[in-house]
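Q: Here are the chains, one letter per residue:
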Amino acid sequence: MADTTEVPAGEAGGTQLDEARQGVVDTLTDALGDAVLGSHVQPGHGSWLRVDRSAWTAAAEAAKYQLGCTFFEFLSAIDWAPSPWGRYEDAALEGAAPSLPEGPFETGYAGGDTRFQVVCRLANVRRHEEAHLNVVLKADVPDDDLRIASLVPLFSGASWHERECWEMFGITFEGHPGLRHIYLPSGFEGNPLRKDFPLLARLVKPWPGIVDVEPMPDEPPSGDGRTEEVAE
Amino acid sequence: MTVTERQQLAYVDAQAAEGRVNVELETDEGMVINLGPQHPATHGTLRITAKLDGEQVVWADVVPGYMHRGYEKLTEVRTYPQITTLVNRIDWLGSFANEVPFILAAERLMEIEAPPRARHIRTILFEMARIANIVLFLGDLGVQLGAVTPAFYAFRDREHVLDQIEAVTGGRFHPNFDRIGGLRDDLPKGWVADTKAVMARIRDFCDEVEALLFGNEIFQARTRGVGVIPPEVALSYGLTGANLRATGVDWDLRRDGDVGLAHREVDWRVWTHPDGDSFARCWVRLQETREATGIVDQLCDGLPGGPIMAKVPRIIKVPAGEAYVATENPLGVTGYYLVSKGDLGPFRVKIRSASFSNVSIVPWLLRGVYVPDIITILASLYFILGDIDR
Amino acid sequence: MTASLLAIELAYWQQTVLRSVGVLAAVLLLAGTLVYVFLFKMMSFMQSRLGPMEAGPYGSMQLLAEVGKWIQKEDIIPWRADRRLFAMAPYVVVLAVFLILAAVPFGPDAWFTDLDVGIFYVLAVSSISVLGILLAGWASANKYSLLGGLRAAGQLIAYELPMVLAVVGVVIQAGTLNMQGIVAAQADGEIFGFSGIGNPYIITQFVGFFIFLVSMQAELTQAPFDMPIAESELVSGYMTEYSGMRFLLFFIAEFASVGAFSAVAATLFLGGWALPGMDLDADYMNVVGPIVLLVKIMLVSFVVFWVRFTYPRFREDQLQQLAWKFLIPLSLVNILATMALKVAW
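Protein sequences appear in the order of chains A, B and C.
Going by my numbering, the first residue of the first sequence is number 1, and it counts up by one from there.
Going by my numbering, the first residue of the second sequence is number 1, and it counts up by one from there.
Going by my numbering, the first residue of the third sequence is number 1, and it counts up by one from there.
Since the hints were made in silico from the structure, they are not lab data.
For each residue, glycine too, the CB sits at the ideal point set by N, CA and C.
Cut-off 30 Å, straight-line C-alpha distance, at most; resulting in silico cross-link-like pairs (DSBU-like, lysine-lysine):
#1 C:Lys143 to B:Lys51
#2 C:Lys73 to C:Lys41
#3 A:Lys195 to B:Lys73
#4 B:Lys317 to A:Lys195
Which chain B residues stay away from chain A? Per the calculated CB distances, all over 12 Å, these:
#5 Leu136
#6 His174
#7 Pro188
#8 Trp271
Using the sequences provided together with the hints, build the complete structure.
A: This is the structure:
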């Protein structure tokens with residue numbers, strides 16, 4: 001079931017780094033075994049590894065302890081569903097919200113089976129001469145069960161990234177000390193970075209603040225008050 | 001009371017309840033104070049809630065998001081040139097530096113390399129963004145600690161750097177100058193000589209600040225030993241930039257990364273400090289500013305000729321793929337995880353901003369410090385709200 | 001002419017009115033001069049900028065504009081503030097300044113009050129401003145103000161001791177607590193037999209002068225001792241909730257107290273209104289004396305503000321350590337040395 005994308009031949013970066021990055025992928029595959037669902041090496045640039053959701057913590061552990069990747073770069077998610085709205089500013093919203101197209105969706109490096117994928121990058125910065133010691137980990141998260149293990153016990157920095165991911169995509173991180181809103185106000189409904197959540201600038205959403213309640217100044221209700229604006 | 005006043009009061013009460021502003025003293029556990037979101041010390045609208053026991057912090061919580069502009073959602077509906085403009089405003093003091101990793105990621109997917117002249121000028125502007133950013137930090141550092149005078153010297157000398165950036169790009173703060181494949185324009189005549197003079201001025205300023213601020217006993221008493229971060233904790237939280245190098249970790253993406261900037265072609269060194277306290281962070285930034293002036297000088301000397309833009313189609317469509325490019329920006333490591341599906345604009349952009357991770361350590365760091373030390377720690381960690389909140 | 005002026009006999013109540021108006025004028029003029037020269041101009045020049053230039057020639061009318069601006073502002077009192085204390089606090093702080101200046105002599109006959117315990121009285125009333133600051137901090141119903149007020153209380157009480165002890169050395173040398181007596185002792189004294197410049201106590205009591213300056217900086221809550229105000233943390237500390245006229249009173253009090261303390265320092269250490277080689281009892285000294293004293297006030301204030309604009313601020317515990325562990329022992333040593341030398345010579 002492994003879904004390895006082809007390594008393009010003769011790319012910039014040199015074959016030495018290709019082998020090194022392939023070595024990174026191999027080390028992790030050895031450590032995780034069946035849990036590795038796909039991998040990709042971009043020569044000279046990076047290594048991608050897609051693991052099963054249940055092996056998410058194990059993959060991070062393998063990267064941290066076997067590759068020495070103690071630096072937590074980022075964690076986020078990708079919503080592979082194409083946006084039901086037009087992508088440009090002038091694509092107008094008309095009528096009822098269009099519905100999201102059905103899966104399966106076209107996914108990226110190392111493949112993917114579900115709409116949501118959690119992405120995490122870890123790097124080893126202690127051995128800085130070896131630029132290949134980093135990996136992008138991916139895990140599929142099924143639509144009906146948006147949960148995945150939290151990396152906070154391994155990397156303290158994951159705390160904020162997972163909070164942001166939760167509020168933007170709705171993915172729950174089990175084991176996180178306190179999943180609460182980080183950017184958005186406490187009562188916010190919805191998950192903005194999902195593709196079926198429209199860009200708010202295109203929707204007229206009632207402003208929750210106080211509306212100008214000052215009564216109009218006392219004026220005789222003649223009709224001329226407004227028409228004085230007509231330029232002469 | 002009129003209807004208006006009553007409504008207004010109800011609104012204010014509701015807001016206060018929402019924001020949990022509490023004026024009563026809670027003497028049993030300690031007093032909760034709120035630094036921000038409007039506060040002179042927080043470089044913008046950052047809110048820090050701290051529970052105090054006298055003058056000591058018992059726990060602290062950081063509430064970002066008052067400036068969240070939804071960049072990642074916006075990038076899904078913009079084209080690549082439009083995103084270049086947008087991205088300037090993430091770290092608005094070193095604006096050019098924000099454009100660079102994004103453009104490099106797009107160039108990587110398009111398999112285009114900018115010509116050498118463009119690469120060099122990109123690096124020069126990148127380093128000048130760093131200088132503009134950190135010089136302001138050095139001035140602001142004094143203000144946070146009570147010395148009001150260095151800030152004016154910082155702004156005065158920073159103006160010259162901004163003048164140079166304006167001469168090339170047309171914008172002091174938001175240059176919007178990088179393009180996929182190169183740069184928008186070439187350098188004006190005489191710019192190189194002027195820039196070298198400006199770099200000499202910045203070096204003088206660095207010496208001035210070192211004597212005025214860093215050599216001051218009070219400054220040292222305020223910053224040494226305050227906010228110590230061990231290196232493993234720093235790595236685990238994702239701290240980058242001078243904050244990480246001040247804990248002793250020798251890592252600088254300009255030297256160790258594989259991006260298409262010209263740093264590897266000039267002679268410079270990476271500064272680290274073993275202490276990991278506030279003084280170390282400030283000191284590393286000062287040395288890096290000096291080093292950056294040296295880099296700019298060397299690049300100006302060895303500027304290659306040639307075209308300023310590679311051959312790119314007029315309408316840019318980046319082929320499908322994923323790329324992550326990170327650079328050593330003034331605030332730390334800023335990276336863009338670009339997911340493209342071969343369209344006019346990206347499918348998803350994850351912006352890894354440096355300050356987001358840098359500030360995530362603040363709750364851990366503030367336990368047990370005094371209230372004045374909160375300010376020192378925030379000042380030495382150095383973040384920009386646009387970078388935290390995106 | 002001054003002889004004829006002084007020959008006018010005024011009833012006691014007339015004298016009192018004149019003195020009250022005089023002290024008011026002295027405080028306001030002094031505050032105004034210090035604000036313009038040091039805050040507007042000297043600070044600006046040190047920061048490589050020009051300062052206010054619009055109002056009047058070289059910005060000299062800026063003060064008038066500022067006063068007018070502050071007076072016409074809306075008077076905001078926080079909802080939960082203790083109104084009476086809130087209103088009282090600025091007046092208490094300003095009161096202290098008036099009381100201090102009342103005891104400083106400006107000339108042989110130009111004084112507001114000539115107390116026998118002059119310097120003792122001055123040191124005592126200088127603590128009244130602490131009360132005002134505490135009132136302001138508490139009554140504002142604002143946690144930042146409270147923090148500022150508490151810090152101020154700790155700091156100002158801590159630095160009273162070194163100030164008092166530094167003055168003891170001067171008193172030992174002069175042999176009197178009377179301010180006029182101290183001025184006379186400095187003007188008529190001699191240093192090891194050389195009487196050309198009198199005996200300004202800054203020369204023999206240089207340790208005391210240093211301690212007095214540092215304590216003064218702390219008593220005035222100027223940087224590096226401005227924790228109670230701490231602009232980048234507490235946004236003005238105990239003054240945060242004050243606006244309009246009330247804030248103007250705090251502002252005047254701050255700068256007038258710089259002037260008042262500088263006047264005290266000038267009298268104690270620099271020779272006061274007298275200049276060596278001048279006839280102390282002459283009538284013209286009633287006009288020249290204030291001018292001389294003003295020059296010395298400006299000198300001391302210059303040092304105060306120069307330090308203020310340059311140094312970052314101490315943390316509260318470092319501040320306290322400096323007072324208790326360094327300044328007080330040093331001042332005790334100074335007193336011992338003064339006593340020993342006074343007896344020996």
